[in-house]
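Chains as they are written, first to last, in the numbering used here: chain A, 1 to 336; chain B, 1 to 336.
Derived by calculation from the structure, the hints in this document are not laboratory data.
Computed from a predicted model, the values in this text were never measured in an experiment.
There's no promise every hint is true.
[Claimed, not checked] Partial chain A-side listing against chain B, Cβ under 7 Å, derived:
| no. | residue |
| --- | --- |
| 1 | Gly44 |
| 2 | Arg46 |
| 3 | Pro47 |
| 4 | Ser53 |
| 5 | Leu54 |
| 6 | Leu70 |
| 7 | Arg79 |
| 8 | Asp133 |
| 9 | His280 |
| 10 | Asp282 |
Ideal placement from N, C-alpha and C gives every residue a C-beta, glycine not left out.
Number of protein chains: 2
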Amino acid sequence: MASVKDVARHAGVSVATVSRVLNDSVPVLPGTRDRVLAAVAELGYRPNAVARSLRTDATRTIGLVIGDILNPFFTELARAVEDQARALGYSVVIGNADERPDRQDHYVGTLLERRVDGLLLCPTAEVTPLVRDMVRDGRPLVFLDRTLPGLDVPAVRVDGGAAIAELVRHLCALGHRRVAFITGPALLSTGRERTEAFTAAMRAHGLPVRPEYLEAGDFQAASGRAGAARLLDLPEPPDAIFVGDNLMALGALDEIRARGLRIPADVALACYDDLPWFTHLDPPVTAVAQPVRELGRRAVRVLAERMEGRPVSSVVLPARLVVRRSCGERDGGVPA
Amino acid sequence: MASVKDVARHAGVSVATVSRVLNDSVPVLPGTRDRVLAAVAELGYRPNAVARSLRTDATRTIGLVIGDILNPFFTELARAVEDQARALGYSVVIGNADERPDRQDHYVGTLLERRVDGLLLCPTAEVTPLVRDMVRDGRPLVFLDRTLPGLDVPAVRVDGGAAIAELVRHLCALGHRRVAFITGPALLSTGRERTEAFTAAMRAHGLPVRPEYLEAGDFQAASGRAGAARLLDLPEPPDAIFVGDNLMALGALDEIRARGLRIPADVALACYDDLPWFTHLDPPVTAVAQPVRELGRRAVRVLAERMEGRPVSSVVLPARLVVRRSCGERDGGVPA
DNA sequence: TTGTATGCGTTATCAT
DNA sequence: ATGATAACGCATACAA
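Model the full assembly from the supplied sequences, consistent with the hints where possible.
Take a look at the structure:
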C-alpha cells in the first residue's frame, strides 16, 4: 500500500507537508495542498491508522465487553453504542464474554493490548485482578448495565425498581396473590436489584414472598424453563410468574406451552425486558421496558468525557412498565 | 504503560531477548527466560499490539460489514463469525452498513485504514469504487450471504432454492393457490434469488404468478407491513403470503393483526428466515431456516485461507423448510 | 545464547 | 511555508 513517502514523492513535497495537509494542522500553500491531494487521489492513498496510533498514542477505538450479543438486550445495546461512537468518531470492538470471567478477561486483555482509548464493560460477577489493575492504572473504564461493588468506576445503568413496583401493583390489582419470580444471578448487580425490588414491592402490598416462589436463574433460556417447571410442579403453584430477563422468559414460555397451560388463564406471565416480538405472542406479553438505546448512548458519552479527562459521574435511567395481556388484563390495558 | 524497554531493564537483558521469550521465536536460556517472565508479571506488562502490527504488517483482525446487527439473522451471523475468528486467533470489528452504500464504504474505508488482515462483506446493492479497488489490489475479501456480479470474489452464502420449492409444494398440498410473495430488494442477490426460486417453483406447480402478488419490499419491517396491506387490499387477496425475510414478516404480522385477520384461516403465512420466537407465535410460523452459524464459520475459514495465500473457492449451503402451523397444517407437521 | 541496530508509517519538533 | 529528522514500541537481521 502507498505510504506518505509515496505521496510526498509523487507530489514533489516532503512527508511533513503531506501530513500537514492530511491533518490540516498547519496552514499550507493552496498550490502545494492541491498537488498533495491530487497525489493522494491518484495513488488511492489511505493513511495507516496503525502507524498513526503508535505515534499519537490514540486509536479512536473503544472496547465493548458484553454478555452475549445473541441476547436481544445486548444486541440493541451494542447497536446504540456503535451509533453513538461513530457519531463521535470512534470505532468499537465488541467481545462476547458469555458471562464467564475468564472470557471477559480474555477480551479485556486483548482490548488493552490493542490500546483502545476506553472500555465499556458489562462486568461478570467477580472482580478480576485485571479489572482491578485497570482501575488502579486509571484507564478510562465505564461499567455498563451492571456495577461492581467496592470499585470507584462510573456506571451507566437502569433502575427498574419503580417499574417493578408498578408491575407488582398491577398484578395485585388483577387479583394475583401467588406471584413467583425467576431471578437472575445474585452475583450480578442487575440480578440482585431486580430481586430486591420485587420482594420489597411484594411486602409493600402485604403479599408474602415464599422462598419456593423465588427461583434462581442465570439469565439464560434453559434456567428459565427449569425454574418455570419447578414452580409449576409445586403443590400450590403460583398464579403469576415474573421472569427476570427475556431469555429466561423464552424458556418459561417453552415450559408453559409444553404443559399445555394457557396464559393468563392458568398462569400469568410478565417479563423484565421488552422485545418487538412480545406484541405478537399469544397473548402479548406484559413487560418492563428498559431504555436500551439511551443506555448505550449515555455510556459512550460518559466514556468520551472520561477519555478527555473530564470528571464524570454515574447515570441511572428509569425503566417503565408496558401493560399488555399476559397477566389477565381485560382489554390490553395501555397500548404498547 | 510499560514497554519492552522497561521489561528489559527490569530483567537485566536486552529488548531483543524480551521479544524472543514473548514470542518464543528463538530458544532462550531457561534462567533468562524466567527473569523476563518475572519482570513481565511484576510490571503487568502487556505487549503493544499497535506497535507489533506496524512492525509485522499484520493486525490479527478481520472486518465484518453487515446490514444491521439488529436483524436477528445478522446478529447470529456476527456471533458465529466472532466465535470462529477467536478460535483462529483473530479479533473482529463490526460495521453496520444499514444497507447504505455510503455507510458500507465508510466502514470499509476505516477498516482498510486500520489495516485489517481481511474483510468479510455483505455487499449492498452497488459495486462501489472502493470495493472495486480492493478487488484490484488483491486484498483478502470474501462476500458473505450475498454476492456481487462481475467481481472475482469468493462468496459464502445460502441457496434457499430447494427449500423454497419445497415450501411452495407444501402450500399447494395444503390447498393454497393464490400465493403471494413479499420480495427483498431486486438489487440484492439474496432478494433476486428468492424471488426467482419462488416464481420458478410456482410455475413448476402450474400456478400462475400474478404480478400483483409480487410485492417489492426492502428487507425492513415497514415494507413488509406495507406490502401485506396492499396484498390484502386486492380485489382478490392471496390465500397465502410468503415473506422474504424475518423483519418484513414482523411487519406483515403487524398488518394482519391490525386488520383482525386470523392465521391461517384468513391468510396463511410463511417466512424466509427462522427465529427462536417463531415457535411461540400464534400460530407458530412455518419458515425456511438458514444454516446461519455454519455460514459464519465457513466464511471465516475461507477468509483465513485467503489471508494465508491459499486458493479458495465459494461455498453454498442449503436452507431447509421448517413446517409449523401458520399455513393450515393439520397437526403442526414435522416438529421444529 | 544474547546484544546492537534498523525500520515499519506516522506526527511533531526544530530548523530554514 | 516547508523540509529534515527523531521518536513511538516492537521484531528481526546481523554481530558477537
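**Message:** Name the hints, by number, that the structure is in violation of.
**Reply:** none
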